[in-house]
Amino acid sequence: MRTSGWVLTLFGLLTFSAWSAVNTGTSTIDFESITGGGTCAVSADSPVVLGDKNGIDPTPALDKDWVGLGKTTFKINLTGCVGLGGATTAPKITLSGTTVSGKSATANDSLFSTGTNATGFGVIIYNTDNPGAGNTNIATSSGGTIPIPGYGLGTALNGDTSVTLMAAVGCGTAVDCKGETLNPGALSASITFGFAYK
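According to mature numbering (1 follows the signal peptide of the UniProt record, and there is no 0), the sequence shown holds residues -20 to -1, 1 to 178 in order.
Please note that a few of the clues may not be correct.
Claimed, not checked - Quick list of simulated restraints, FRET-style, between CB atoms: (1) Thr96 - Gly31: 17 to 25 Å; (2) Thr161 - Ala21: 36 to 44 Å; (3) Gly66 - Gly139: 16 to 24 Å.
Stated by the list, open to error - Listed below are the simulated DSBU-like cross-link pairs for lysine-lysine, each with C-alpha atoms no more than 35 Å apart in a straight line: (4) Lys44 - Lys33; (5) Lys158 - Lys33; (6) Lys178 - Lys33; (7) Lys55 - Lys158; (8) Lys178 - Lys55; (9) Lys51 - Lys33; (10) Lys33 - Lys55.
Quick caveat, the hints were computed from the structure, so don't treat them as lab data.
Quick caveat: nothing in here was measured; it's all calculated off a predicted structure.
Built from N, CA and C at the ideal position, the CB exists for glycine as well.
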């Protein structure tokens, strides 16, 4: 009798355990998130005055390729940078603005000018504070980006940094800089700088 009592108790426990296992529920939870893309607040020295109060002497640029006149450095400040770009992108300064027209394709893409400009000159933006000769370090409207020193593909820019660039007045290639195509006068350029991973 004692054995049958244990068997009944054991059978009852097994039945209860089996019943409990059958009635346990499951739930699937879907998780979603968006990893933030990189952003920075962008500020710059403005206005940037090229040359001195007496103006710029254009004669060094006559009949020459990509001579920058009145070169002046300025800073682009990137602050509060957070987020990521991705393995195939790098943090860059973006730029956009109106360029000159009626010159060579290279000059039309590289000389920024706002409003009426009959001088034949425009503003050159160099992607470094120490440009070499020619147009190898000149930022273009079509390219639209300037690399940030020390940040290559797959790197993230977090925190704050400043990038020193250079601006100058120029007329373009030797063909663009013929004396008969240039005039004295005032010029200005409004260029928008931003930040993106590209």
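Any hints from earlier that this structure breaks? Give me their numbers in increasing order, please.
-> Hint check: 6 fails alone, others pass.
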